[in-house]
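Visitor: Here's the letter readout for the chains.
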Amino acid sequence: MTATDVPGLPADADPDRPEPGGEGDHGTPAEPRFDGHRGRWVGASIPRHEDPRLLTGRGRFVDDIALTGMLHAGFVRATVAHARVTELDLSAVREVPGVVAAYDAADLALGDIVAILDRPAEEFTPTAMPVLARDKVRFVGEPVALVVARDPYAVEDGIEAARVSYDVLEAVNSSDGALAEGAPVVHDEAPDNVLLDVSMFDTPGVDEAFADAGGCVVEVETRSGRQNALPLETRGAVASWDARDDQLLVQTTTQVPHQVRTMVARCLGVPERTVRVTVPDMGGGFGQKCVVGREEIAVAAAAQRLHRPVKWIEDRREALTAGFLAREQHYRTRAAFDGDGHITALDVDIVCDMGAYSCYPFTAGIEPLMASAEMPSVYRVPAYRVRGRAITSNKAPTAPYRGVSRPQYVVAIERVMERAARALGLDPVEVRRRNVITQFPYTGVNGVTYDPGTYRESLDLAEAILRDEGWYDERDRAAAAGRHLGIGYCCFSERTGYGSEAFAKRKMTVVPGFDLSEIRMDTTGAVVVTSGTMNHGQSHETTFAQIVADRLGIDTARVKLRQGDTERIAYGWGTFASRSVTIGGSAVALASERLGELLCRIAAHLLETRPENVALDGDGGVVQLDDPDRRLSYSDIADVAYLRSHLLPKDVEPTLTATASFDVPGDGTFSNATHAVVVEADAGTGQIRILRYACVEDCGVVIHPQVVEGQCRGGIAQGIAGALFEEVTYDAQGEPSAASFIDYLVPTATEIPDISIAHLETPCAFTANGAKGAGEGGTIGAPAAVLNAVNDALRDTGVELDTTPIHPATVLDALEGRP
Amino acid sequence: MNDPHLLTLHVNGEEHEVVVEPRRTLADVLRHDLRLTGTHVGCEHGVCGACTVLLDDAPTRACLVFAVQAEGADVRTVESLGGEHGALSDLQQAFSDHHGLQCGFCTPGFLMLAEGVLAEQPDASREDIREALSANLCRCTGYQTIVDAVCATAQARREATA
Ligand code: FES
Ligand code: FES
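As you go down the protein sequences, you meet chains C and A in turn.
Just so we're aligned, residue 1 is where the first sequence starts under our numbering, counting upward by one.
Just so we're aligned, residue 1 is where the second sequence starts under our numbering, counting upward by one.
What the hints contain is simulated information worked out from the structure, not anything from laboratory work.
Bear in mind that the values here come from a model prediction, so they are computed numbers and not experimental data.
Be careful, since some hints might not be right.
As a list, the in silico SDA-like pairs of lysine to any residue whose alpha-carbon atoms are at most 25 Å apart [what the hints assert, rightly or not]:
1. C:560 / A:96
2. C:560 / C:188
3. C:560 / A:85
4. C:136 / C:188
5. C:136 / C:738
6. C:560 / A:131
7. C:560 / A:97
Far from chain A, some chain C residues (derived; all Cβ distances over 10 Å) [what the hints assert, rightly or not]:
8. 67
9. 483
10. 536
11. 560
12. 815
In this text, a Cβ means the ideal position worked out from N, Cα and C, and glycines have one as well.
Construct the entire structure; sequences and hints are all you get.
Guide: Below is the structure:
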């Protein structure tokens, strides 16, 4: 389906649409932007611009940076989860050969990292994250002191020489524990350990719907384990003082360079001008690097004091225990269905264990707020009540990991659909079909307006793929032979490209949204384009070049993207929430168009014709429309713009530069997909093997099919990891279980199956390229699809599994009839 | 420095003399002393394989080997692949063609692992290759396209020698 197949529905076309003026009313509709423009490059899987350097070992990652006189840094970290620091003695550290300096919180005297929401005190409690712990530590791995030495080996020696004594307190190691009567208090500001408690919706009719549920009422309790986003490159930073620029240069692995600049400046108490943040090649991020890390700031402070470059590279143990984690959530979901299998109400209680601190800029509210706002998912839910809480515990803090709560609320609602299907004796796909949104734009009970998508179509196609391939027959044959095959689905959408309007509804005081681009053409007609987004594996250098090349009619080889430099890009919100191609790509397209207009104006003047009589010729030049023999190449025009500017029209300034900003209006744009999975549960080991994985996705106009498929597959692999393998657990003392890859089970090539991907395309009407975000969807769909398939495989056992990761022992217990 | 050693390393066909502490890993010497930063470090405990180099043709975790242990061996790193002026080898080209890399952090390790596997088992099936590649971690791709790239190279090399 394309947007043209969905004629603008009257606003009242959907009976479930809430009244105008309520939470669901968004004022003026979004200005349509996508003009159907497609050219030679968009849609082609061209060779990636990033590949040659990365394949030959010539990338430049943060640990590849070596500066003259560079020192190395590492952290003395808390060895206990919750304690008062009674003594911190660094004198022996300073005696270790090679150690140059050792600092504690008092030595550095830095401001704290504070992230706040614009919400009343009964909803949100602000807490501070000090750069180095002051008198209390709140999780194992918390940085307590900074050691700087001549080489990394001496840093380790120095760390070992630190003397820290603790008065150990009882640890909060679970959300239930945090909420229990008399629980230890993690932050004095939050005596109940609740950092956020928001009842975002309680629409009319919830209780009535449960009272007269003609079909069934289902209740399901779902939980997900704490996960590490786990970029293969750990975090790291190199900070150096540049006396000539009067500036601290922080080269760091971040998805949000401008936000790091802001926080470095604030914590150090210096003007933002004196901080420059640049980002080298990055070995993944997945959200873990879209918050400001305290280590980045500590290293910057050390470089500022020592006037020497200082490098910090996180080791894997630190990354696993002290890096930002995510996803430990608990949902109690009730849903009412009528006799026809239509959901009539949803009532949800969400508790997210956000760990010891609130992250900047998103705050500890990010997970529960995301889940509360989006929970009705792709279904027409007429009545909705939700309470979302963020609790604090003595665990490593959290950051918004790829998908942010969607993998979890999608599990909750997809488990609801499966249970309703069983209760009503319906096929699970059929229940979804009866509830899925089919008319767009649709404004849900959550006040969110969903732009057109292929929810129903993706579901139908995914089911058809498994049926046509004979998996339903295979499942029956397997059952007859005593084997346990199961089929599972997950149908979901994902809001991508949140603009400032959408983020403002979350009541952040720091409201992300827009992005900027500047494009500059040189005298040879080649262009450099900037973006405030931050590539960390998503291929921006290639896809943004495709967008520019089409708008200007030049070869992609003539387009170079620059990003990750706060000096070169006035401002940007970086890369997260699948915003890069939707927002950054739109800004790039608009800047290119403006440059094209400028080229035309100058060309018309030089050709001595009216501006309406010229146009870009799609081949690196401007042509006179009534006499196509008269043409100027871009280098002809650039020659005048730079080198013979006396020939320019009077009202045109020299040089060929254009800038643009873009912000997605309204509620943003929704990508969607259905995942269909076939698994087999091994009766001997309880292991789950994935036999077939099919993804049907719709992210609007696809800029680079191979890249989109790569995002899907990689995302699905991380979703499978969450469904079956990865979890950081903590013991009663708050000690994390996983300090190495021996304990934290990252799936390898033998655990991740081949995945087929089918594309549907519903162009987004209000991004410049018709694209919707594609970075997170895979991760969102996989846990629910796998969990549903496993439950189907266990359908004869009477057991329902609702917790991820699914442990083989649990499967074995189910198969062997143990409760 | 504790007990420094002077050693000669043969890396990518060149001889290098370096002074190192006995505890200094081969990965650190390659990256920080020889500035061959294509070899990456993702865990320092022998699991992720980002540091994989060929040591006398065998894929080896450079984070688990002390530099002093590599003396006398032939060390090959990602920088040795490919031709003049940055030309890509067949395997590197296949990685690009199949989108076998996203962030590229794991890529040098996978390339060196794959070179070892292809040399050792030129007739490897897709499942053999998948099994062999399960020695290394990639967080971005989901592996399928890496397996595709290595299978395509195996096939092309078989055809070239047939
Ligand atoms: S760095 Fe050597 S195996 Fe991970
Ligand atoms: S491409 Fe990023 S880890 Fe493999």
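Visitor: Could you run down the list of hints and mark each one as holding or not?
Guide: Hint check results:
A C-alpha spacing of about 19 Å is found between residue 560 of chain C and residue 96 of chain A, which places the hinted pair at or below 25 Å, so the restraint holds. For the suggested pair residue 560 of chain C and residue 188 of chain C, the alpha carbons sit about 50 Å apart, so the restraint of at most 25 Å is broken. Restraint check: the Cα-Cα separation between residue 560 of chain C and residue 85 of chain A comes to about 20 Å, which is no more than 25 Å; the hinted pair holds. With a C-alpha separation of about 11 Å, the suggested pair residue 136 of chain C and residue 188 of chain C falls inside the 25 Å cut-off, and the hint holds.
For a cut-off of 25 Å, the pair hint linking residue 136 of chain C to residue 738 of chain C stands: about 23 Å separates their Cα positions. Restraint check: the Cα-Cα separation between residue 560 of chain C and residue 131 of chain A comes to about 38 Å, which exceeds 25 Å; the hinted pair is violated. Between residue 560 of chain C and residue 97 of chain A, the direct Cα distance comes to roughly 21 Å. Compliance with the 25 Å bound is thereby established for this hinted pair. Its beta-carbon lying about 12 Å from the closest one in chain A, residue 67 of chain C satisfies the requirement of being farther than 10 Å from that chain.
No beta-carbon of chain A is positioned within 10 Å of the beta-carbon of residue 483 of chain C; the least distance is around 21 Å. Non-interface call for residue 536 of chain C relative to chain A: violated, since the shortest CB-CB distance, roughly 6 Å, does not exceed 10 Å. Under the 10 Å C-beta cut-off, the non-interface status given to residue 560 of chain C relative to chain A holds; the minimum distance is some 17 Å. With a cut of 10 Å on Cβ distances, residue 815 of chain C stays outside the contact zone with chain A, its closest approach being about 26 Å.
The structure fails to meet hints 2, 6 and 10 from the earlier list, while all remaining hints are met.
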